[in-house]
Amino acid sequence: MANIYVQRLAQIAQAVRAQRPLVHHITNYVTVNDCANIALAMGASPVMADDISEAAEMAGAAQALVLNIGTLNARTVEAMLAAGRRANEKGIPIILDPVGAGATAFRNRTAEKLLEQLKIAVVRGNLSEIKFLRGLGAETRGVDAADQDGVPERIELAKELARTFNCVAAITGATDVASDGEKVLRVDNGCAQLSGVTGTGCMSTTLVAGLCGAARPEDYLLCAAGGVALMGLAGELSLEREGGKGFGHFHMGIIDAIGRMDEKMLLERVKIDEA
Amino acid sequence: MANIYVQRLAQIAQAVRAQRPLVHHITNYVTVNDCANIALAMGASPVMADDISEAAEMAGAAQALVLNIGTLNARTVEAMLAAGRRANEKGIPIILDPVGAGATAFRNRTAEKLLEQLKIAVVRGNLSEIKFLRGLGAETRGVDAADQDGVPERIELAKELARTFNCVAAITGATDVASDGEKVLRVDNGCAQLSGVTGTGCMSTTLVAGLCGAARPEDYLLCAAGGVALMGLAGELSLEREGGKGFGHFHMGIIDAIGRMDEKMLLERVKIDEA
Amino acid sequence: MANIYVQRLAQIAQAVRAQRPLVHHITNYVTVNDCANIALAMGASPVMADDISEAAEMAGAAQALVLNIGTLNARTVEAMLAAGRRANEKGIPIILDPVGAGATAFRNRTAEKLLEQLKIAVVRGNLSEIKFLRGLGAETRGVDAADQDGVPERIELAKELARTFNCVAAITGATDVASDGEKVLRVDNGCAQLSGVTGTGCMSTTLVAGLCGAARPEDYLLCAAGGVALMGLAGELSLEREGGKGFGHFHMGIIDAIGRMDEKMLLERVKIDEA
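Chains as they are written, first to last, in this note's numbering: chain A, 1 to 275; chain B, 1 to 275; chain C, 1 to 275.
Same shape as in the complex, but just chain A (with noise of 0.2 Å):
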């Protein structure tokens, strides 16, 4: 028997394939054609537009807004401040992905003026950005899943960083946690080939925006940790059906099973809980 969290995820699912919100991304150039059709996959509509010239605009008619600092450069970090005003004016979800933040000064900066200067719904990224954000000098290495701390560890993190910045903190690893400075969700799905292809943070990053752009800011933590499970998930379903084949194969499945999931796919098998 499903949880009420597990519940009411399955409505708002079902919500975005109703509702198709729009769900402007500013984002890199390697996992972006994923990110639309992750999008598309669980019913909502994405854009993309990085310009300066409309990167506002374009926010300003969005449901939700992904800012992910993948493949930076300076023209698209005033594209991400403007567009991340706009949707603060008119109270659209930001949902920050902050790719590889630790890495290099540039993409440090680039992440602090994103939290410092918006109003920013949710943060999702893996344990050693979520680190660096937090101040604990945590080494990044790339773009990759630095993955040793354990469960409490990360819990406590999330808290923290979700209360420095009045957000919701999300991190994906093993074990996913997310929370509002208050309250702490777990997420049990997932598998250890989803490290295996580029791009399911990025998409986790997706689905997390698809589903704020279908709900209330109450539920936006809920919708962090649902995010992570979907992908979780169709990493699950995938892995069942492509597993054997490979990692070219086991990324389609992803996108297969995203766009196969229904309410009752959904009560069966997510698995979020209060940590």
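Since the hints were made in silico from the structure, they are not lab data.
One or more of the hints may lead you astray.
Chain copies aren't distinguished; within one or between two, either way the pair holds.
[Said to hold, decoys possible] 25 Å max Cα-Cα, derived SDA-like pairs, lysine to any residue: (1) Lys119 with Lys183; (2) Lys271 with Ala15; (3) Lys245 with Ala15; (4) Lys245 with Glu263; (5) Lys119 with Arg109; (6) Lys159 with Asn3; (7) Lys113 with Ile52; (8) Lys271 with Leu239; (9) Lys245 with Ser195; (10) Lys159 with Gln19; (11) Lys245 with Cys191; (12) Lys245 with Leu267; (13) Lys113 with Arg75; (14) Lys245 with Arg269; (15) Lys113 with Ala61; (16) Lys113 with Ala56; (17) Lys113 with Arg163; (18) Lys119 with Glu268; (19) Lys90 with Ala105; (20) Lys113 with Asn73; (21) Lys245 with Gln14; (22) Lys264 with Gly243; (23) Lys245 with Ala192; (24) Lys119 with Arg186; (25) Lys245 with Lys264; (26) Lys119 with Val184; (27) Lys264 with Gly196.
No experiment lies behind these values; they were computed from the predicted model shown.
We have chain A already, so just place chains B and C on it with the hints.
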């Protein structure tokens, strides 16, 4: 028995495989990999170069030029104009994809500028984009199709746009129509699943460009209808083989199908006729 | 029985999985997703950062640097030079992919500038690109391979380029050759279908970089031959499993295959030998 339009299209599609026209793209970074792969699958040779330092030179060496405004910025708009002017000088057909026209003032200005300053061979867009270009004040929501109007309205719209800009206009949707201002062709291939994968519009535009690159100007109307017909047929074929698996496999199946198409298949399954 | 080249390659490929070298890419936006996924599939760790604000810092943290000129602009050329200088200072191997060299003056100037101002470890290109770099006046048509010359000519060309720039030069085509100016290796893996998918050249370059990132300078010649051999073998393996389906599935099958490769498979199937 295939009609003369389908017969002639099959000839042009064969000519693409024989001549391998070079199709230069200045296009968005969301769907660019799919555009390159669909061009290869149809037998054309894709190239992408978006900097003002080389865009015109590359366009001058090509047999067709795609201008796609999906992720614009100030730098690439200048490159589009320079490449377009060189293409016009050399009689190389320009295929314009006005992605998201109507959604922001910047896209609107850019689409107008391209249509006014360049001689465009074919414009291919969805209903709301083409409505915007025709000044009918459609509201474009993101980059998705708004698909409420009927076939007679689409035919009228395509004819009007074609006359205004002295080009071929193709409108894709449940039924696709293309017109040169006088003659109108309709296409009855396709399936609903095509809107569940990002870039099927962009890929259609590349297919139109590949066909134009191996054809004469008097065939551009047929190439416009033909490119969208090939994409529609690819959707049907992929659905037959991959549809039960999900959108990831359906996406790959589209590229599979374009690569498998031969004269016999086109003669049997393409549905193009006078409207 | 595998020869000493294949045995040593199998060791280096194992070292990649053990050490997970960070491979920094400044590359085109057409095939970048495939490069990231192929790096992960071979066990390396990809990162992409193309802005002058962070390119050198990221390169300094990497074990190999890919410079790929597929979609250049003025901004990224500066980032390539800055990243390359840092890599040279720290002894990190630079792998250059001169995509489309010969096609435009801008690409030519950039390729020359990179070869003159940086110490390149390996250049990997197709025949027309490498001919251009050697000043033989080949005409490059778009980014495709022009494949008319025979193996003896390729060997001579690779040796000359390697001597001129004091690097390893690898020329891919029906038969691949690599030389450090003295020694020459030839690779007899591959299949014709590889030219039907965009990015197989770029992915080869990433594979070369991953191997170099886990090897010593005296192994770079073998890594150059080895990277193109792995791509060729991936094509053969994908063709065996996916070939009948089409280019979409063949593309995914390439990534599947790289992920499945183990020591036994390499010892049995890689065909590298002295020319």
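Hints, one by one, checked against the model:
no.: 1; hint: Lys119 with Lys183; result: within (19 Å within a copy, 54 Å between copies)
no.: 2; hint: Lys271 with Ala15; result: within (20 Å within a copy, 37 Å between copies)
no.: 3; hint: Lys245 with Ala15; result: between (34 Å within a copy, 23 Å between copies)
no.: 4; hint: Lys245 with Glu263; result: between (28 Å within a copy, 18 Å between copies)
no.: 5; hint: Lys119 with Arg109; result: within (17 Å within a copy, 31 Å between copies)
no.: 6; hint: Lys159 with Asn3; result: within (22 Å within a copy, 57 Å between copies)
no.: 7; hint: Lys113 with Ile52; result: both (17 Å within a copy, 19 Å between copies)
no.: 8; hint: Lys271 with Leu239; result: within (17 Å within a copy, 32 Å between copies)
no.: 9; hint: Lys245 with Ser195; result: both (16 Å within a copy, 23 Å between copies)
no.: 10; hint: Lys159 with Gln19; result: neither (31 Å within a copy, 33 Å between copies)
no.: 11; hint: Lys245 with Cys191; result: both (16 Å within a copy, 20 Å between copies)
no.: 12; hint: Lys245 with Leu267; result: between (28 Å within a copy, 21 Å between copies)
no.: 13; hint: Lys113 with Arg75; result: both (15 Å within a copy, 23 Å between copies)
no.: 14; hint: Lys245 with Arg269; result: both (23 Å within a copy, 19 Å between copies)
no.: 15; hint: Lys113 with Ala61; result: both (24 Å within a copy, 24 Å between copies)
no.: 16; hint: Lys113 with Ala56; result: both (17 Å within a copy, 22 Å between copies)
no.: 17; hint: Lys113 with Arg163; result: within (17 Å within a copy, 48 Å between copies)
no.: 18; hint: Lys119 with Glu268; result: neither (35 Å within a copy, 57 Å between copies)
no.: 19; hint: Lys90 with Ala105; result: between (31 Å within a copy, 19 Å between copies)
no.: 20; hint: Lys113 with Asn73; result: both (14 Å within a copy, 23 Å between copies)
no.: 21; hint: Lys245 with Gln14; result: between (31 Å within a copy, 21 Å between copies)
no.: 22; hint: Lys264 with Gly243; result: both (23 Å within a copy, 21 Å between copies)
no.: 23; hint: Lys245 with Ala192; result: both (15 Å within a copy, 22 Å between copies)
no.: 24; hint: Lys119 with Arg186; result: within (24 Å within a copy, 49 Å between copies)
no.: 25; hint: Lys245 with Lys264; result: between (27 Å within a copy, 18 Å between copies)
no.: 26; hint: Lys119 with Val184; result: within (20 Å within a copy, 52 Å between copies)
no.: 27; hint: Lys264 with Gly196; result: between (28 Å within a copy, 21 Å between copies)
Of the numbered hints stated above, those contradicted by the structure are hints 10, 18, listed in ascending order.
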